[in-house]
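> Here's the letter readout for the chains.
2 protein chains.
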Amino acid sequence: MTQVYDKVALIGLGLIAGSMAHAIRDGGLAGRVTGYARSQATRDTAREIGLCEVCDTAALAVAGADLVVLAVPVGAMAEVMAEIAPHLAPGATITDVGSVKQSVIDAVAPCLPAGVHFIPGHPLAGTEHSGPRAGFASLFRNRWWLLTPLPDTDPEALARLDRLITAMGAKTDRMDAPHHDLVLAVTSHAPHLIAYTMVGVADHLRRVSGEEVIQYSAAGFRDFTRIAASDPTMWRDVFLHNKEATLDILGRFTEELFVLQRAIRMGDGQQLHDYFTRTRAIRRGIIEAGQDTEAPDFGRTPGARPAG
Amino acid sequence: MTQVYDKVALIGLGLIAGSMAHAIRDGGLAGRVTGYARSQATRDTAREIGLCEVCDTAALAVAGADLVVLAVPVGAMAEVMAEIAPHLAPGATITDVGSVKQSVIDAVAPCLPAGVHFIPGHPLAGTEHSGPRAGFASLFRNRWWLLTPLPDTDPEALARLDRLITAMGAKTDRMDAPHHDLVLAVTSHAPHLIAYTMVGVADHLRRVSGEEVIQYSAAGFRDFTRIAASDPTMWRDVFLHNKEATLDILGRFTEELFVLQRAIRMGDGQQLHDYFTRTRAIRRGIIEAGQDTEAPDFGRTPGARPAG
Chain H
7 MTQVYDKVAL IGLGLIAGSM AHAIRDGGLA GRVTGYARSQ ATRDTAREIG LCEVCDTAAL
67 AVAGADLVVL AVPVGAMAEV MAEIAPHLAP GATITDVGSV KQSVIDAVAP CLPAGVHFIP
127 GHPLAGTEHS GPRAGFASLF RNRWWLLTPL PDTDPEALAR LDRLITAMGA KTDRMDAPHH
187 DLVLAVTSHA PHLIAYTMVG VADHLRRVSG EEVIQYSAAG FRDFTRIAAS DPTMWRDVFL
247 HNKEATLDIL GRFTEELFVL QRAIRMGDGQ QLHDYFTRTR AIRRGIIEAG QDTEAPDFGR
307 TPGARPAG
Chain Z
7 MTQVYDKVAL IGLGLIAGSM AHAIRDGGLA GRVTGYARSQ ATRDTAREIG LCEVCDTAAL
67 AVAGADLVVL AVPVGAMAEV MAEIAPHLAP GATITDVGSV KQSVIDAVAP CLPAGVHFIP
127 GHPLAGTEHS GPRAGFASLF RNRWWLLTPL PDTDPEALAR LDRLITAMGA KTDRMDAPHH
187 DLVLAVTSHA PHLIAYTMVG VADHLRRVSG EEVIQYSAAG FRDFTRIAAS DPTMWRDVFL
247 HNKEATLDIL GRFTEELFVL QRAIRMGDGQ QLHDYFTRTR AIRRGIIEAG QDTEAPDFGR
307 TPGARPAG
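So the sequence lines, in the order shown, correspond to chains H and Z.
Each residue of the first sequence is one higher than the one before, counting from 7 in our numbering.
Each residue of the second sequence is one higher than the one before, counting from 7 in our numbering.
Careful, some of the hints might be misleading.
Facing chain H, according to a computed beta carbon distance under 8 Å, are these residues of chain Z, among others [unchecked claim]:
| id | residue |
| --- | --- |
| 1 | Ile111 |
| 2 | Ala115 |
| 3 | Cys117 |
| 4 | Leu118 |
Pair ranges (Cβ atoms, derived) [said to hold, decoys possible]:
| id | chain 1 | residue 1 | chain 2 | residue 2 | range |
| --- | --- | --- | --- | --- | --- |
| 5 | Z | Gln277 | H | Pro161 | 27 to 35 Å |
| 6 | Z | Arg169 | H | Asp179 | 52 to 60 Å |
| 7 | H | Asp254 | Z | Pro119 | 38 to 46 Å |
| 8 | Z | Gly56 | H | Glu294 | 43 to 51 Å |
| 9 | H | Pro116 | Z | Arg284 | 30 to 38 Å |
| 10 | Z | Gly275 | H | Leu156 | 57 to 65 Å |
No wet-lab data here; the hints were simulated from the structure.
Computed from a predicted model, the values in this text were never measured in an experiment.
Even glycine gets a Cβ: it sits at the ideal position worked out from N, Cα and C.
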């Protein structure tokens, strides 16, 4: 691997930044990696595990960096950007890893100093764990990392960021921000809210039926709880900042659910069977697109942990 | 391992029966395993892979069997039971593996010959694959297998069935049928319908946004598609046969979803954050109950396949 940047500054030290620190170090992709997190406890943990050069202010972390990565919840982007803007090196690139793109552009672009390149991004990778200890180098391997460059983005700065991302094992694609936010509302934001909701319903019932809901979760509900265990702050911000698209998809979802509920109530087995046959075909598409494994029991081998 | 039954007859040769055939043979748990499936193609496949002694009629399969396993969709139980009842050996045990218990009891009990023991059961194990090729011996390992014995169930017959299930690697628990059906509506039936619905919504949108929904499915939606790829016939029957409990849970779900949708619309971040924090705690309970792995990236290691 070749070094892509001299100094990478990670603002926010959670799962994504932590995984980037590991991947950049393992690949020798930067001369130095600095990091900053608002919470003292997070900085202490990051220092303890030797994640990167941890700085006590964001200004120190970004000083002289040719790449700055904003890896904080979407709702914190504006504040962080205001804090670091005066300290950015001329010619530096800023990117972010937020799950919503238009609102991050709205928050970051107004503070952007002249001569600094802003290239919004979103790695489609994660686990239900958060914090600096959750990161691992292989998180991005074979995952998509979407970039939503602005019309005036410098092609060289874009190509360089692309090289870093690809070197960490991810595949990049480009789209405009509003389209990104709609696609992600379907593939990620609405499913997360639905999973949170179903787990909440089960929680009410758990008080009725003791621990059985947890004990017998293997048959479907387990997958929901994994999704619904994701970081609460990050997801609060996602929903508030991708409000229109999320509410649109949830509206379609509720309509559709009512149609199926009615089919159950009326005993219309044919309608249910036809519907379930169609959804099964979509799964085949995902396997063929290489976005999941076909292994039985969902490919889970208890105890297995990706290297990193 | 010790042989538990002389002859086990599997009626229906899908994922569950196929996995039982493998597990029983690997463990030496029965002298003979016979099988029957209504479809000629399924019987041919089962013969081709040497799953068990495949018979061309259900009557032949059950003749002289001391254990008969009904492993057909819930809606087919009554018909199968009427077909085999005259051929059951005196003293034999019949069990089933249906995901709904009260309606199976209503279908099977009236046809039960005197001296035959009926012990309804439900293994909480499965993958999104179906058919005789989908089975593997380790499917039941460390999974729950719920039994819903009737008040007059013979304790010796029950203990013997329990021995077979435990020897296949599962853990057994007992509850009454209506309670089973409510617990499973929460942990399995409602989540499946919700996943089917969300995948259906995405399918409509896919026609708008090309293949992107599939391509970028890794961030939540992927888990829904896996659930929604389950066997359409099996699930149609589950919903039609556990109608009341499923509709009750879906009603609660919709109420709860509307509360969260409203919080998004009104920008109530605190309510969302509190909710997501509660659901995260439930996930911890499931990890502690040993029903899932804590490995990052959901424990998925592409290409890994459980032994068997």
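> Taking the earlier hints as the rules, which of them does this structure contradict?
1, 2, 3, 4, 5, 7, 8 and 10
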